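> Using the hints provided, position chains B and C relative to the given structure of chain A.
Protein sequence lines correspond, in order, to chains A, B and C.
First residue of the first sequence: 1, per our numbering; consecutive thereafter.
First residue of the second sequence: 312, per our numbering; consecutive thereafter.
First residue of the third sequence: 1154, per our numbering; consecutive thereafter.
Read the hints as simulated data drawn from the structure, not as lab findings.
Keep in mind that a hint or two might mislead.
Claimed, not checked - Each pair of labels, with its calculated beta carbon distance range: (1) B:Ile792 <-> A:Asp208: 49 to 55 angstroms; (2) C:Ala1167 <-> B:Ile792: 45 to 51 angstroms; (3) C:Ala1202 <-> B:Gly1072: 46 to 52 angstroms; (4) C:Leu1205 <-> B:Thr380: 53 to 59 angstroms; (5) A:Gly27 <-> C:Arg1212: 30 to 36 angstroms; (6) B:Glu333 <-> A:Val49: 50 to 56 angstroms; (7) B:Ala932 <-> C:Ala1202: 40 to 46 angstroms.
Just so we're clear, the structure is a prediction, and the values are computed from it rather than from any experiment.
By construction, the Cβ of each residue, glycine as well, lies at the ideal position given by its N, Cα and C atoms.
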Amino acid sequence: MNSQNVFDTAGPDGDRLATLAWLLFGGGLILFVAVLGFLLVALYGAARVRRTLGNPRFIVAGGIVMPVVVLTALLLHTLGLARALGLPMPGGEPPLRIEVIGHQFWWEVRYPGTLPGGGIVTANEIRIPTGRDVVLEVTASDVIHSLWIPALHGKIDMIPGLVNRRTIRADRPGAMRGQCTEFCGTQHALMAFMVVAETPPAYEAWLDRQRLPAATPPQHEMGRAVFAAAGCGGCHAVRGTEWDARIGPDLTALGGRLTIGAGTLPMNEGTIAGWIAGAQDLKPGNRMPSFANALDGPELRAVSAWLESLK
Amino acid sequence: MTPTQALPNPLPRPEGELEALEEVWKRPRGWRFVTVVNNNWIGVLYLGTAGLFCVFAVILSLLMRAQLTVGGNDILEAGTYNQVFTVHGTAMMFLFAVPAVEALGVYLLPAMLAARDLPFPRLSAYAFWAYAIGGFFFFLSLFWGVAPDGGWFMYPPLTGKEYSPGINADFWLLGIGFIEISAIAGAIEIIVGVLRNRPPGMTLGRMPIFAWAMLVFAVMIVFAFPAVILATILLELERAFDWPFFLSARGGDPLLWQHLFWFFGHPEVYIIFLPAAGAVSMIVPAMAGTRLVGYGLVATALVATGFLSFGLWVHHMYATGIPSLSLAFFSAASFAVAVPTGVQVFAWIATLASGRPRMEVPMLFVIGFLFIFVLGGLTGVMVAVVPFDWQAHDTYFIVAHLHYVLIGGMVFPLLAGLYYWAPLASGGGLRYGRWVFWLLFGGVNLTFFPMHVAGLMGMPRRVWTYPEGMGLELWNILSTIGAGVSALGIVLLIADLAKNFRMSSGGTDSNPHKAGSLEWLPQGNYNTRSIPLITSRDPLWDQPGLAAQVEAGQHFLPGTVSGRRETLVTSAVDAAPQYIAIVPGPGWAHVIAAVGTAGFFLALTVQWVMISAAFGAVALAAVLYWLWTGTDLGPVRGPADIGGGYTLPLYVTGRDNLGWWAVVVLMLVDGTVFGCVAFTHIFLWLSNGPESWPPSGTTLPGLMAPAISAALVAASAAVVMLSDAVLKRGGRWAVAALLLVALALLGAGMGLDLQALWEAGVRPTAHAFGASLYANQFWQLLHLGIIAVMAMYVVARIAAGLVGAVRRVSFDVVRLFWFYVVGQALAGLALTHLFPRGAGVA
Amino acid sequence: MGVAASLLGIVIWALHFGLVYGGQALACEVGRPSIVMPLVIGASVVALALLLVLAVVARRSRGGFLGGLAVGIAAFSALAVVWEAAPVLALPAC
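The following block holds chain A by itself, in its conformation from the complex (with noise of 0.2 angstroms):
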């Protein structure tokens, strides 16, 4: 799951894109061999050979009319191919509408209109339903990041002030991670996310849950109590309580991602006590303080019992 190789595809485009690959590797290589060998000819071939590859003509052919016809060819296979990327799905629903909006050095998910008057908000993972096309509306907060997910599709750059669409598609279940491909400043290494693709009757479960607001059980109160005084909601936002700020990412439905610290580890109540503890050591330069001589050990994992509740 954690393999972001360009030929693991999941979908038609990543699928196009890795025969695009091999085509163009198969090329290169039958090219690079053919002029290493012009050249050891040109070194070591039979003295008639070698003269014919002394003459100017030799020049035009391999130089000019070998590189015109490859390229050209290459060339209308490419407008092909740029014409089929991206093509809606035959038949297919209206694509879904996610926004993605880029930070220093996470990633906010939303899905509009999935709440009345808005929608639900969600972190460093994006669930799509497989064989739907899915548009991501890309923009960013701060500076450039780029959103990559080498499986569906190749990167969009998410620009400051500027919307771009990348519309993907998924075939088969399954998580895939992405990352963020444009520099953008100190954890710029540490900034990945989840896609994970679901059937559509999971998809649609999965989004019934994340409707509903985040509940509080009577054993984690004290988890709750904790975040409150820690002063985690002067960023973060938990629906269903009174915390909304924006700062962060959305915790509502935290333990049910697959990852923390935009795919720094894994998630379990262990790596939230640990990041709400030690953020500033496992990804130094976010934006996250390190609450360790904050929060004492029960303290610390009362809250991250309860932020590891809410799925």
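Then chains B and C, alone, in the frame of chain A:
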């Protein structure tokens, strides 16, 4: 023609002729060596410094490789890693690659063209010192932790004040200001040198391919560097004064930077590659012992690469959301530039096939170059394909590609050149070449080939670490091992140079490779004893006895006719002798000017404004002193006989003068910067949409004020024309008075426009609209300042009796530049006042 | 003659490139995608015709090396013009 009859000068030569020549070209000894200006020495210093900076940048790359050996490593922390990769990239591009090829040109061109020196030796010496001093401080910034950390491409808004509040980014923007200046200075030197300092008979069609490559290289600098010069000015204006060029909240656009940067940055790759290709085109025929097959095709390919490479800057921006049709234009343009490169590769193969190649060290490096560069070129075609690039972009696949292209396309040819041309500069020969080659060839491939795989497996560029479980471990370990092997090769290379390279003024008088080009004539500090008459492309092969004739002084200008350093100036196309230019010898002025220039930019970086101003004043004073004492000497003697029936003047005015040519090149640079100012304005207009340009609430002044401004500016040109007429009739004080009047008119015209804009309420900080208009004002007022200095300089020379009806090059140069400034001012007025109105109507 | 013809070939390429790229950006910005195809094809036909004339003139003038250089530059320019224009036939204007 029979050789003995046709030679320009008879034997025996007068007694003392050679001694006098040697005396004027003697190099300064001891600590005065820093005053040296002769290209033979400056070229080697330049190359050595570039090599040193390369080694520094390589050390940084080894740190990065150590960090990335395994995932989660902590040799370098994230912030430090970002500084290290930024300085590595910036230094390799700006402090190594461009200066190194420029240095190669400075060193080799006069010898290949049998010129005594480049036309403006102090200019290249100045460029060298400014670069060397500035470059050292740029590296030192790492030790204080204030090195730039936004990548060598410096994309805003990350590099804007909000997200990069420290002076790190300023170190990039100002700290390399000097390198832009020195690149432009070198370009002027090389263009004028190649076009005007060739030996008689060396028409364009007989020029060595290396000279063609350097000519194209220099012209490309003239048109490419202005874009990055303007981009750095704009970003620094934004950082220092909050002019929002790149801030989308106030009408700016981050993509503006990318367009300007890559309009420079893509040609930059070919700027680096072409001189190296030119060097290969010299080495291959010599090693094969035969003429270059397809000389005309290769020259055409160089020119074609030069201009086509300006049409593909967007191929670094495929993922920015630009419409697919625009991307396809640039994809096609990228394909087009591959063809001339293919022509050169096949020309080299054809040349090897038609000769008897000797497998000496330079040849090994040429073969290594072909292997690595062809592979990099093929991956280059791949990333020109838009959909493939969407996957490969900003991954280690690109890191692999660009290092294959740059190491293959530039470092290997440079090393081939080092081993090939070392006998020119060194008494002792280099010995470890084969070991160096195999270590570097193996090391480079082992370092960079696995990066293709790592990139396709999802490893992005510019990451200080990567997670385990992505399958990246093996490839990164291989790369790190490869980097170690390459480092051994570099250490061995340094050992070879330290042990076996012994600088000697002019090297050996043999032709060890039995090559056909002129740099293998017997050389001294003055290059060749006499300047040969050329009748073929490979003179040493086709003109038997040439070396002996040249050495004996039987060709042109076998001594010094004025008792000063001189070089022969010929016509640009046919290389017909025109005049003898006096070139300057050693001096302090350019060294002081270089210290002042580097100090100006560095002090500005750390915001020592007063100290910076002091350095700037020192630099300006030194430049003026150097111009005053070293240029426009007037007719120091009457026309002199150079042999072959040519009696040439030592002083010409008007369009034949070298200074006039230099100013024309400078005007092309300035005009391109201004073109980029106009592009900025139009781009931001498109980006904001015509309805919000100007933004609501902002109005331009009425057309009355700009009309008056235009009239005043135009009147200033008319007054300059009048002063020219008066000067022709021998006027003196009237000329000075008219120049001052013209200066007042120009200042009034520009000042009025600035005032009108300000009074209309347009402010640079409010919106990108105002910022763009004031950028135009900034550029115009900068030129007003330059013209003011120039005018006062000429007035002072008039007062000193140094300008008159005959001795008038200073005046001519200022007059020419004045007309340019007036034209630019009128275009600037049109841009400010007519463009948005005209567009609003449409 | 040869120098001028060489420079002219470059200028024709540059003008074509600027017109095609700038014209397309402008047409899309002001919402007139329909003019992109005629603009690109028209500009390309004119550019190719001019390059052809240039090449013929340069060849006939027996300019030696420089004449050949001008013909070669015209040929490279023409190749770039054709390739750069081709996408307009396949892709949507904006």
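> Run every hint past the structure and note whether it holds.
These are the hints, each one checked on the structure:
no. : hint                                        : result
1   : B:Ile792 <-> A:Asp208: 49 to 55 angstroms   : holds (53 angstroms)
2   : C:Ala1167 <-> B:Ile792: 45 to 51 angstroms  : holds (46 angstroms)
3   : C:Ala1202 <-> B:Gly1072: 46 to 52 angstroms : holds (50 angstroms)
4   : C:Leu1205 <-> B:Thr380: 53 to 59 angstroms  : holds (58 angstroms)
5   : A:Gly27 <-> C:Arg1212: 30 to 36 angstroms   : holds (35 angstroms)
6   : B:Glu333 <-> A:Val49: 50 to 56 angstroms    : holds (52 angstroms)
7   : B:Ala932 <-> C:Ala1202: 40 to 46 angstroms  : violated (56 angstroms)
Hint compliance for this structure: hint 7 alone is broken.
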